[in-house]
Structures are given as structure tokens and as C-alpha cells.
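Trainee: Residue-level listing of the chains:
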Amino acid sequence: MTISLGEILRLLLSAEPLLRTGPTASAIGLGSYPLPLKDWWFCGSQVEVGPGSSFTSANECRSSEIPLDSPSIWISDILNMGDPAPYSVLLALICITSVIIVWLLLNRVLTSPWGRILKSIREDEDVAQHHGHDVLRNKAASLALGAAIAGLAGILWAWKLTGIGPSFMSPSSTTFLVWAAFIIGGAANNRGMVIGAMIIILMESVFNVLVVASSPDLPLYDTANQVDKVFIWLVSEQWEVTKFCLALLTIGLVFRLGKLVEFAFWGTIVFAFTAWMMNGERALQSATNYAGEITISGAGMAYVKLLLIGSLMLFSLKYNPKGLLPEVPHRPTRPNGGEDA
Amino acid sequence: MTTILKVKDLRKEFGGLVAVDSVSFEIQSGEFVGLIGPNGCGKSTTFNCISGLLEKTSGEIEIFGQDITDKTPDKIQKMGLTRTFQHTRLWRRMTVIENLLVPPRNQFGNTFFDKIKSLFRHNIKKLEIGLFGTNIITIPENKSEKNRLIKAFDILDQLEVPHMAHNLTSELSGGQSKLVDIGRSMMGDPKLLLLDEPVAGVAGPLALKIFNNLRNLVNETGVSVLIIEHNMDFILRQGVDRIIVMNEGGVLMEGTPDEVRGNREVIEAYLGSTGEEE
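From first to last, the protein sequence lines are chains A and B. Numbered according to my numbering, the first sequence terminates at residue 352, and the numbering increases by one at each position without gaps. Numbered according to my numbering, the second sequence terminates at residue 504, and the numbering increases by one at each position without gaps.
Calculated directly from the structure, the hints in this document are not laboratory data. Built from N, CA and C at the ideal position, the CB exists for glycine as well. Any given hint could be a false lead.
Said to hold, decoys possible - Below, a list of computed lysine-lysine pairs in the BS3-like style, where the Cα atoms sit at most 30 Å apart:
id	chain 1	residue 1	chain 2	residue 2
1	A	K150	B	K304
2	B	K304	B	K343
3	A	K150	B	K234
4	A	K150	B	K417
5	A	K150	A	K240
6	A	K150	B	K232
7	B	K435	A	K150
What the hints assert, rightly or not - Covered, in the sense of this in silico footprint (three residues per stretch, anywhere, with C-beta under 8 Å from a C-beta of chain B), are these stretches of chain A:
id	stretch
8	75-85
9	111-125
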């Protein structure tokens, strides 16, 4: 329901001409909007910024020869960065503050009368309705609250990107990730959600580095190379993989490891079948690059990210279905007295 | 004594199957009425039609003099009717005390400002948030929330399960779940309580106690109770005012427990056609 509403909204807005106010008028999306506190961050409160002043924009303050008395310099001195601290440091501080505020707010709402009514609707909406609560109204109100928080997150995100377009919100890269975050972290509580989001975002940034690591001077090039090699081996050397699976099968049979036997048995069958169908040909022969080397490095690595997030979700669901940090039920204690009230 | 529930010529069909046909009865305020009948005779369907879960095919149902056609279950509950389900449906990932705190009426107050305030000011003790020994913010206790909580614990005391208050309801045994379900219905301050087999699976002495408590509740507060019970021997001895016997989708007879006990048709309905052969 929420997802379909979001998709409808996204498609409608992508056709809205008023939103085409980017750097080029024909482009879809928003761009070059002012960033909050940017002048203050780079120029401090002493320096005036404007057409008549010596600094016409915040960027000039940032690149000025004489260090200005500004927050970005203070932070840079504390962290020993050399250059003025980038604007994203300020954004990070704003984000952390908003997370804390939203956290406190939601924790308070979760234990309130409305919080337990929402929980009861989650558990069994028929019964909640039979105890006098309008399911549709409560659901709509919770959707509104959730959308408000998502809107706040959207503002912060837009400031980080300095330009946004409807295509940034494709379901495979956003909706799916949010879903993965709460399955891994644990639904229905703030700690689980934050932990899950952290894991997903860390994984994503590591993989973004891996994906572009196509030359030896970039970080994580060795890891990317190893991952590539394993995949090339799996895809092109079918008979070798079959032999490897047979060896695993033998080990499993000798040591009576049921799961290993099962895994190796099916591995053998799958790879032997592919090898037989390929007639001994190497599967990736046509995928060689101009130099004649087999490679799936570069953009091809993007699929590994989705693969790994997917398997993380599967493992999480199989071995820890409640997530890393499950929901904590509310347990109010018996109040003393109370007859006076 | 006023009529608070009036069912007249109620008919409910599922596709071609007629589950309930021309059922009529009335319940006065302060009455404790039993509804019995063999399996599949339409007791629960009647309940579902009264509580608004199912839409009736034809007939009239009036609660407190108001027609309930096109009313949703939450509106009907707000009129003063609360029901339980035959298969106990507690909210399983919530604690017992949380389950009891959902039904009370008017938890948010009336004005918009009150509603917003209820989201944040629901602590039962005075909260003092401060730094270095000085109070910055003092949040006073919420008296209505405190009273709700006291009432919930009192009800758990009555039902003899106060030690389970902080367990998840999925951890309760079948009998305890039934008790919590009854307690939850009582939290909504009903004027008419429909209980669907409330003591099935509850051990004998406790079942007797539940009935005694219900009897006391009826006598003290003037609430009306309509109770479905499968065990006929049991309900005949438990001091209900009146018994409605249903069979094959219709009302077979109405009367006091003594009248029902002596009625040949009822015994036949329950035991098959053995009555004549004896």
C-alpha cells in the first residue's frame, strides 16, 4: 500500500513541469537550491557574504588564503584535517541530531496509548476494530507520521546530493534496501532499525568502492580481483568445479556432515550438468576483453552487491528471524495508590 | 428494565447455505443470558452479525434502541457492546497488561490539543528531567493513564492472573488466554458483553469462579451478559437468568434453566433422537 502510493507519487511528480527547475530547464528534477547554514559554516558569523562584500559566495570563503574564523576551520583544527572541513560534516551533525530527536519522539509515541493501539492493529486488526478503534483512521495517521519522518530524511538527503531527480528513488536501490535494513536489524524498534540501516549502508559503500576498483591504484583492487577470479572460475571451469564438489562430497561422507553432503551433492549435479551441456567449452570465451583477458571487473560487480544483501537477508531470516535486536515489549508496572485520582 | 438488544427475524446466508434463519430474541438490561445449542447451529454466526463482523442477509438488530445496519464493529463497540471470539484472539506480540490497556474508551481526550498531548504525556509517575541537580522540565503524571493501569491490574487480580501481567500473551496457556480475553473485554466498560465460549478449556474451579465473577458483575454494575456455552450441564447450574436454545439455525426455545432442563426437544437436539426410545 505504502509502496504503491509512493510509486504513483513518483511517476506523477516526474511529469510535473514545475519541478523541472534544475540547472538546465529541460532536465527533470531539482537542483541548485540553497544549502542551509553553508555561509555560516565556511565564513563564520564575522564575515558578510554577498555581492558587495569581499566574499561573494561560501565557496570563496572555503578557498580563501587567510583562514577565517568559521566552524569548518574549528572542526578541521580539532580533527587535524588541514583543509576546511567539508559541508558534509555539518550535514552529518544535523543528521545525528535529527536521528536523536526522532528516536526520542518515536520511543515516547510507542509507549503512548496510540502506540499500543497501533501495535494491536498490527497484531490483529479485526479484534482491534471490535475493541472500538477505527483501523483505517489509525493506519492513515501512522502513515502520515511515517511519511513526515521520511520527508525529513528526504530533506537531509537532498542537501547531501545538492540536486535530486525522480530516478534516484528506484525501488531496487531504495525500497528494497530499507526492507533489508529492517529485516536484518529487527522490526518494531528504533535500535534494530538504526543498526540494520548502518549495516546496509556500510555494505553499500564498501561495494561501491569495490565496483569501481578496476585499476591497481584504487583501494580494494586486490579484493575485487579475488572476487572476480572466483566468479570466473565458477563460470568458466565447470569440470574443475565439479571435481571440487566431488571432493567436498567425499569429505562430507567420511566425516558424516549431512549438510555438506547435501550441498556438495547438488553442486556436483548442477555443475556436471552445465559442463556436459557446454560440451567442455569455456562459458566465458566470448566475454574476453580487447586484450584477450577474461574479466568481469568494473560495472559487472554491481550485481554482487544485490546478491550479498539478498543472501544476508536470507541468512537473517533463517537463523535470526526477529532480527539482531528484536522488539522489546512495553511493561508498565503497577502504580501505587491511585484512589486519590 | 429496558430492552438493550433486540434481534428480530435475523437471517444469514453464506452463498446457498442458510446458517441462521428467523432468529428472534431480546435481552433486557442487567440480564445474564446463556445461548446454547449443538455444533453448527448458528450461535457464533448470530454473534458475528450482532457485533458487526458479518453483514446480515435480512432481519433487524437493534442495540440500545438503535439499528446497527451499516455500522462497523468499532462504532458498535462505542455504543457499548463488546464481544470475545471463540478462538481466543489476543494480540500475541504484546504483553498482557498492554492487551488490557487497548480497549478503554477516550484514551486521547476530546480536543486536538489533548490528542497530541496524550502522545507525549502518558507517564504514570512525575518525570523530572534535569542536569546537575536542577530540574529543567517536569512532566506531571497522567492521571487517566494511571487510573487505566490501576483498573487493568485490578481486573487481573480478579481473574487471578496478576503474575502474568508482564508476559507476552503468546506465552500464556489456553485457559489463561481465555481469562485475559474476558479481562480485556471488561476494560472497555461494556453495557452489553457477548462472550463466545469464555470458559472452554478453563479448569473446573476457575470456570466456576469466572461465572461467579460475571454474576457479581451483572448484579453490581447492571451490565448485560450474553454467553455462548457448549457444556449444557455446566450452564444449567451456574445461575444464569435465562437460556436461549438454538438448533439448526433457529431458536428452539427460551426459558429459565429449570424449564430448559425439563424440555424434551432440547434433550433430543443435544442427544439425537434417543429421547423417544427410552
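Trainee: Quick one: which hint numbers does this structure break? Sort them smallest to largest.
Mentor: Those not satisfied are hints 3, 5, 6, 7, 8.
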